[in-house]
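Asker: Residue numbers (the numbering used here), protein chains in the order written: chain C, 21 to 392; chain D, 21 to 392; chain P, 21 to 392; chain B, 21 to 392.
Don't read these hints as lab results, they were simulated from the structure.
Errors might be hidden in some of the hints.
Claimed, not checked - No more than 30 Å apart at the CA atoms, straight line, and that leaves these computed lysine-lysine pairs for DSS-like:
no., chain 1, residue 1, chain 2, residue 2
1, B, 120, P, 379
2, D, 318, C, 120
3, C, 318, P, 120
4, C, 32, D, 383
5, D, 201, B, 383
6, P, 32, B, 32
7, B, 137, B, 318
8, P, 383, D, 32
9, B, 201, B, 137
10, P, 379, D, 32
11, P, 120, P, 383
12, B, 32, C, 32
13, P, 383, B, 201
14, P, 32, C, 379
15, B, 32, P, 318
16, C, 32, B, 383
17, P, 383, B, 32
18, C, 32, P, 32
19, C, 201, D, 383
20, C, 201, C, 379
21, B, 318, D, 120
22, P, 32, D, 383
23, D, 32, B, 383
24, D, 32, C, 32
25, B, 383, B, 318
26, D, 318, C, 32
27, B, 379, D, 32
28, B, 32, C, 383
4 protein chains.
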Amino acid sequence: MATEIEIGLGKKGRMAYSLDDISIVPSRRTRDPQDVSTTWQVDAYEFDVPIIGAPMDSVVSPQTAIELGELGSVGVLDLEGLWTRYEDPTEQLDTIASMKGSEAIRYMQEAYSEPIKPSLIKERLAQIREAGVTVAGALSPHCTEEFLSAVLDAGVDLFVIRGTAVSAEHVSQDHEPLNLKQLIYNLDVPVIVGGVSNYTAALHLMRTGAAGVLVGFGGGAASADRNTIGVHVPLATAISDVAEARRDYMDESGGRYVQVIADGGLGLSGDFVKALAMGADAAMLGAPLARATDAPGKGMHWGAEARHSTLPRGRRSEVGTAGTMEEILYGPSHTADGTTNFVGALRRAMASTGYVDIKSFQKCGVVVTPTR
Amino acid sequence: MATEIEIGLGKKGRMAYSLDDISIVPSRRTRDPQDVSTTWQVDAYEFDVPIIGAPMDSVVSPQTAIELGELGSVGVLDLEGLWTRYEDPTEQLDTIASMKGSEAIRYMQEAYSEPIKPSLIKERLAQIREAGVTVAGALSPHCTEEFLSAVLDAGVDLFVIRGTAVSAEHVSQDHEPLNLKQLIYNLDVPVIVGGVSNYTAALHLMRTGAAGVLVGFGGGAASADRNTIGVHVPLATAISDVAEARRDYMDESGGRYVQVIADGGLGLSGDFVKALAMGADAAMLGAPLARATDAPGKGMHWGAEARHSTLPRGRRSEVGTAGTMEEILYGPSHTADGTTNFVGALRRAMASTGYVDIKSFQKCGVVVTPTR
Amino acid sequence: MATEIEIGLGKKGRMAYSLDDISIVPSRRTRDPQDVSTTWQVDAYEFDVPIIGAPMDSVVSPQTAIELGELGSVGVLDLEGLWTRYEDPTEQLDTIASMKGSEAIRYMQEAYSEPIKPSLIKERLAQIREAGVTVAGALSPHCTEEFLSAVLDAGVDLFVIRGTAVSAEHVSQDHEPLNLKQLIYNLDVPVIVGGVSNYTAALHLMRTGAAGVLVGFGGGAASADRNTIGVHVPLATAISDVAEARRDYMDESGGRYVQVIADGGLGLSGDFVKALAMGADAAMLGAPLARATDAPGKGMHWGAEARHSTLPRGRRSEVGTAGTMEEILYGPSHTADGTTNFVGALRRAMASTGYVDIKSFQKCGVVVTPTR
Amino acid sequence: MATEIEIGLGKKGRMAYSLDDISIVPSRRTRDPQDVSTTWQVDAYEFDVPIIGAPMDSVVSPQTAIELGELGSVGVLDLEGLWTRYEDPTEQLDTIASMKGSEAIRYMQEAYSEPIKPSLIKERLAQIREAGVTVAGALSPHCTEEFLSAVLDAGVDLFVIRGTAVSAEHVSQDHEPLNLKQLIYNLDVPVIVGGVSNYTAALHLMRTGAAGVLVGFGGGAASADRNTIGVHVPLATAISDVAEARRDYMDESGGRYVQVIADGGLGLSGDFVKALAMGADAAMLGAPLARATDAPGKGMHWGAEARHSTLPRGRRSEVGTAGTMEEILYGPSHTADGTTNFVGALRRAMASTGYVDIKSFQKCGVVVTPTR
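So here's chain C without its partners, still in its complex pose (with noise of 0.2 Å):
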């Protein structure tokens, strides 16, 4: 395993490195921009680019999840959101933006605590099937064995088990708990399972089947994790640990290649670049996407984790419009700070450093810098 450090005599721990503390190194060939591959695939699906829009209220509804689909990306809807508890969630959207932001959490815990009704989660996702994309939908371990049947009833092309730590091993004393690897065996979809943090419970739930997971603990910007419970792994160690999960999983099941999808955290075009660079096959993107002018979050964004009724553990910050969903994506931009051409970006470092497509950019050299 890996070096460890005596933090105090009773209790050892290894470094942790965030992507802020990494840097992408040139090596000594270069190439044109327009001649890498972004492309990336999960099962039969394959997109344009390794970018999925989060399941978040502030990024992904039914209309950018088609904006998305149209752009060769993914956005998935969280079908425990207000899209699935409300037949039109425009009022709560509206006054979740314009809350002052001491009042915002409680005012979401409330409009949060309203029913989930199967019935919508079928009508979201068949408007987005309508539009002829990608059909993606998210729910909580926690509830995914209630709503599961109206998820495949309504059909979804991929679907995605997210929660802000999720093991293969959950134990409960009051009821049984999901079973991931049943549950996967029965659905004839891809599932995408997380978040995880660490080599164990990475490879844990890649022996499940899962097509992916998730790397990280989700919302990022918004997520108040360290602060609230102490819990935390940076992302470039987590991303590189999965990563290695993923080789030695190949290597145990003769081949399987599970998607190692970097989720929170990556607020710039510089950390979504570098999540690649860390290992990385895709990013979930939360806090970059609702800075479209056409996200539903209004300029704000929030996560799951925000409107938890006892235990709130993210915020509803302030992100700002950067420009349109597809600016954000492919550019032009008009300013350098890492908010739009997410894609532009990829395609640029991807040239500085020589490599011709994702899988091999993985390899790219990069330093750990003390100072910012």
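Model the placement of chains D, P and B on the given structure of chain C, informed by the hints.
Answerer: For chains D, P and B alone, kept in the frame of chain C given last:
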């Protein structure tokens, strides 16, 4: 011992880490938050939660000691504080809370120069006992001999001897220093003593027969030891060192288990959780409880160091208010800033890492992170 | 090679240090500042000071190129800048300097879309030549083939090929990439090429016959590469790596000494001095010279990265003014902020450490400091 | 020698630590603060406290030199300061204290261009001697030869030769450099010389016969060496290195003990205490004493570096006022910001760690802390 680095040719030193430098990492197993146990026990006294209200006038009054007891915790009254100097300290508390920052210490030096009355010690402790909760009071090493008989007359369940740096081998030229071993042997109540911050000092304190040792210098946010006298041991390292002393002492004593109690610098719920993860059995909280709307500090917080007559080494700091004492302990939270629902945060962290009780949670994995 | 640390199980990386992370240490000998030599030579051209004005429109106009030449330095004109696009770029320069930050890049994208005129390349270079100073111009690798004949017709003493990441092995699918080796062999003027940031890329560039290599990405304060594309190599490490390539290339080539020129991120005189201490022979300065009251940027500073049509990776940053070009180079200073008297600072540092010329000063001792 | 890290392929460097990077750790023993000894001795002169007033016009005037002497300390008059240039420098002191920051250095360059008068050197020193306190004056290496006879005529008890970087092997092309060994041999007063910042330079200075060496560059808060010329050695490492030189020199000289005096960058009482913990015998204080209500700087602070005619490397910084000179030395404090009661802070730190005198306190344990 531990890895040392060369600071200069003539001096080596260990690296020492604060709780801010570390994070808890999930393992491969998760649990339901409601399944974990947060109980804590010292001697015959068992508590629902591993939280002790710090003997600071901004935190524990007779009234909040009762309240904490009813909430399953325990509050320690500072027996050298305003409540044993004044029949009714309301005016002094109000004045301290309302003064401008620059004048507060000077006023406190004056207010705390009023002599301590043994009769008030008895009266305050009696008031707490009448409420049927655990009775706990604290004296400094310097004043223990003078006021101990008053304390014993009144009767306490837990007795705390607390100073900034307390050792079992205090040397004095003009008076016989407090013989901790003798004193603890003679008392028939469990004694908690500190602060200590390293293995050797802790081991010697444990040998005096103490039921628990306080790790840290107390005061945390309110302390200025590092600026004023240059003395400081970051808490993550200090707790881990003392936890190792506990293990070694348990061996040499044939099984006596001494409680390790983190004291000071635990401002947010994440800090509290990490203190236990580093090896503490419980935590003495100051600032977090001073934020209670019903705390005597009225949004201000200060400790004994701040009232020293010639060398104050603490501040009166504005901590604001975050909710009732009950909300701070048990939630619900309506914000993700780590100021409320400390017990919920602990349950969530234990659940995310798969541990069932505090003793096993002390073994959880942690990482050291160079940036935050 | 160098010490690597494990970032995660699947990725290792070197530690890389910025100039801010290091400091020069005195030795046992001191000298008089007036006794040290600051001269610098590339091919047949000798300069009083190891300073080159960067090819940026905020720094070098035909006028300031002349001024720098007369001061014993050399200014490189950006032959793709405003001066070769407009007969009289005064209006464009004024507009860029006066626009609000958020609009500046959009305007620059427009202003720099005006085609480059070969006739203006000749005219500007001729104007500099008439003044009797060293004539130096820069093109990007992308445009070198198209405009080189105009440059050669006009005649230059030093030719600079400068991009953000330049390699000797550029790969392109739709055009024949610039063959640096062929080009340099055919030219009869010394060529300086860059930026590079690592040993291997530098070694390959040196083998093309370049007289000097630029280390860094250019732009410094005005660059946003790290945020936008995640690519960055801290300068202290980059210079030292390239200096090692110079040593190894000198050995393999039987004695060819290639100038190592630090480029970008040298905002203060202390940075400039430290760049030489790390092994640079000279420094290409942007922001420091843009602060001249007589610089064309009028207190604003920007580089070629900021005008990219779809992915700008630079800012127009406000650097203010600090004195005349002469005061910035030679003082006197009336402030200790490191913005004036760069040569005096170099002399003082060399005197404090006892070295007589830049070549020996490159051996001076440095320390790495964790905090600043 | 010490652990080195590779900065780049061509350069290695040691890690060097500032006092901010370290903290003192308690041991297993504690003492009463009143039992510790703070006395300090250089040659035949014994002082109550290990504190020297720095030769800076904002700190030591003839009046404050007397005051410091009466308080058991010693103040060193800058014999190249305003007091030896002007019959009555009140106007100059007032003007410097009242000017706007941006204009102060320019005015100082002018005010300090007034020639030094040998007669005033004699007059000022005589005034201090009349008060019956230790008489100490400082010259820079550059001016020592010119004004030494005036100093000797007047008579001093301690003579200080102080520059930013002073070596025993100064090399000059146009004048015979100061022969420190000869000079010290000829003088019959103890000489303190510096600043030095490393083992070798310190060892060579000790061999000249100096009674003490100054460690650091002086000026501290008022110094800008790092920004301007890139030269800097963090003080914790520098003191420890020089303390090791003291040990080795004591061995090679058969027992000569040279005083190691920390100089510069000791802004708060915690810094002062830590300097001694790292191995210093005493500290030369600037900013802390400039904060005296009765200091000549009137809340402003500056050193000799700030008045250099062409390359000022210091600032006039606003330090404010904290109390009388006596309160700064001995308290009482009414604030915990580390600006008053330096001696009380030292006593408290020694008591907390169980040491009885400064010589033994130099052995106290320290830790390196990555964050503050």
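Asker: Are the hints correct? Go through all of them and say.
Answerer: Each hint, compared with the structure:
no.: 1; hint: B:120 with P:379; verdict: violated (41 Å)
no.: 2; hint: D:318 with C:120; verdict: holds (25 Å)
no.: 3; hint: C:318 with P:120; verdict: holds (25 Å)
no.: 4; hint: C:32 with D:383; verdict: holds (10 Å)
no.: 5; hint: D:201 with B:383; verdict: holds (28 Å)
no.: 6; hint: P:32 with B:32; verdict: holds (20 Å)
no.: 7; hint: B:137 with B:318; verdict: holds (25 Å)
no.: 8; hint: P:383 with D:32; verdict: holds (27 Å)
no.: 9; hint: B:201 with B:137; verdict: holds (26 Å)
no.: 10; hint: P:379 with D:32; verdict: violated (35 Å)
no.: 11; hint: P:120 with P:383; verdict: violated (45 Å)
no.: 12; hint: B:32 with C:32; verdict: holds (29 Å)
no.: 13; hint: P:383 with B:201; verdict: holds (28 Å)
no.: 14; hint: P:32 with C:379; verdict: holds (17 Å)
no.: 15; hint: B:32 with P:318; verdict: violated (40 Å)
no.: 16; hint: C:32 with B:383; verdict: holds (27 Å)
no.: 17; hint: P:383 with B:32; verdict: holds (10 Å)
no.: 18; hint: C:32 with P:32; verdict: holds (20 Å)
no.: 19; hint: C:201 with D:383; verdict: holds (28 Å)
no.: 20; hint: C:201 with C:379; verdict: holds (27 Å)
no.: 21; hint: B:318 with D:120; verdict: holds (25 Å)
no.: 22; hint: P:32 with D:383; verdict: holds (27 Å)
no.: 23; hint: D:32 with B:383; verdict: holds (10 Å)
no.: 24; hint: D:32 with C:32; verdict: holds (20 Å)
no.: 25; hint: B:383 with B:318; verdict: violated (38 Å)
no.: 26; hint: D:318 with C:32; verdict: violated (40 Å)
no.: 27; hint: B:379 with D:32; verdict: holds (17 Å)
no.: 28; hint: B:32 with C:383; verdict: holds (27 Å)
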